[in-house]
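**Q** With the hints as extra help, turn the sequences into a complete structure.
Residue numbers (UniProt numbering), protein chains in the order written: chain R, 1 to 360; chain V, 1 to 360.
None of the hints are false.
Note that identical chains are pooled: a pair holds if it fits in a single copy or bridges any two copies.
Here are the computed lysine-lysine pairs in the DSS-like style, where the Cα-Cα straight-line distance is at most 30 Å:
id, residue 1, residue 2
1, 278, 289
2, 277, 289
3, 312, 352
4, 154, 255
5, 48, 286
6, 117, 312
7, 255, 286
8, 117, 251
9, 251, 352
10, 48, 154
These aren't lab readings, by the way, just hints derived from the structure by calculation.
Number of protein chains: 2
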Amino acid sequence: MHRTWAIIGGGNGGQAMAGHLALLGERVRLFDVFSDTVNAISRQGGIKVTGAVNGFGPLEFATTDMGQAMEGADVVMIVLPSIYHEEMGRNCIEHLRDGQIVFLHPEASCGALAFKKLLVEAGNTADVTIGAANTLLYSTRIITPGTVDIFGVKHSLYMAALPASRGTRLEEAIGSVFPNFTLCPNVLYTSISNNNAMMHPAPTLLNVARIEAGQDYFYYTEGITPSIGAFVEQMDDERIALGEAYGFIMKTLRKSYFDMYNSGDMSESDSLSALCKKVVAYREIKAQKTLRTRYVLEDVPYSLVALQSLAKIAGVSTPCIDAVVQLAHGMLHGELDEGRTCEALGIAGMTKADLLRYVS
Amino acid sequence: MHRTWAIIGGGNGGQAMAGHLALLGERVRLFDVFSDTVNAISRQGGIKVTGAVNGFGPLEFATTDMGQAMEGADVVMIVLPSIYHEEMGRNCIEHLRDGQIVFLHPEASCGALAFKKLLVEAGNTADVTIGAANTLLYSTRIITPGTVDIFGVKHSLYMAALPASRGTRLEEAIGSVFPNFTLCPNVLYTSISNNNAMMHPAPTLLNVARIEAGQDYFYYTEGITPSIGAFVEQMDDERIALGEAYGFIMKTLRKSYFDMYNSGDMSESDSLSALCKKVVAYREIKAQKTLRTRYVLEDVPYSLVALQSLAKIAGVSTPCIDAVVQLAHGMLHGELDEGRTCEALGIAGMTKADLLRYVS
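**A** This is the structure:
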């Protein structure tokens, strides 16, 4: 059974998603704020996809009118950097109708909780299911508006429903099209399964000297030096402990890399720094030329701060994560959003049991 | 009136101090644990000093016997990295006699408190005055054992007595020979006036990517990039606030640099990063080639942790200082001493008022 999808966001991920879904025979509308993007896609009637997925995906329409995009959609999929979640979330709420799924793809950390708070604040009582992915399905870049290159499609990623009791709706709608998504117990699991929160801010901030000296380097093979890798592994231990506090057995970053990328030369005892040098897909990935990148401006407030919020409620200490948040604020002071604090997530004052009930 | 000085430590600072004091006509003995150093100095009968101070300073003797060095000394001056303070402190306690001054030069942060705790623990009731300097008087390096080059002598540095009521004894003994030392209200002031705590650990740790890539760089002119400088300034704001909490008006790092080094091209509105590029004396100072340097292994546990301890008692928050301590532990985990915690300083459980009474 094909469904109608409103893709909110015509950036790299949104165009890849819209094109791919259309190629799979789904009915797809694309919303973007930029009329240039919308016009380019409208002119050609869809999106050309190259790379790991190939073909021309015809869209129902592209539009700058969110209400039009969302009307009659079964799934409203928000494919935007998390810094835009709140603004776009507010805009889409009035158009939400009973039975719709709002899928945050990805949610960074706690995006679903943040969206739920917007719904409550707006007094919206529509019977909607919020869904969230832990990461983006694709590695992808737009070539020109309407043409995207998909370098890779992840084999395995996570999704969860808020409330968790609506998981079967996500399975039916998302899982039937993309079996790559594994349904998780709840949105705390997808939030804590955020590897970008580990791999983006700390290595970027700890390469500040190179970045500000104008040196080029390869992000993974050169940027994750032994001590930087050791530090990230300690952050990751805090993430794993946070998961445990909520009853989950999480996979470490090192184990993820080993499972995803081992082509025979990796050892389970390799350090993160050593593993990063062995990932073929990472070899050519260059580093940012500034600290003012989404690796910091987005992943600190919308990922690490969200993890701090979950840690606060669970009473888990996260000294390395805290240090990275402070480092970012100290270096870029005044330039970072406050981010996903307990207050911003609408979970301030909850106990761990309260929160687990709230998401279940 | 000339005095008898026992210099404990025959490293760069100890040899410079011993040679300089002897040149000023004082009676000087030098203790070191290394017999090679002691023998070389004994053979030539003293220390040759070159550079900003020049001449041959004849010593009474050099020895590996601490009791011999200390017997009859008016001032026992400990000129050692702070990581050796505890061990050497314990060794010297049994030889301390009524009326002696023990001067920690420098104390890093809270070295005098740490020494006082050793005295109490040892049950030593000799009537001694503990003195402490905030930094080393010299920039200096040993050329060969018995020959030191003094690049520079600081015009202005701080000392304090523990208890503070013994300040006049320091003035008489230390101040009469070295007017460069300004007597401060108490040892909290010298502890908080520790610029190395700001300028050593964070810039070293934040240059980890360069260091571990084997790149050479100049510590001050290249290592203090704009964002690293911004971060250090925020750490320094915490230090200033800590001083305020104890009733002091401290000088910021930037103001110190401006006052010490302005040769007309500095502006009071320059950032720390900009100022560091303008300090002529800093131009040729190369950076460390490893994180395992005293800039981290010493200055984190013996300076930053000590400041954290004072902050804890005063109820002052130090998020940037905390972040640097955590960064060091995360990168070098297991390799750092616990350092000068409240417990190690013998001040755990004190209120701010208690501590101020304790040092006064």
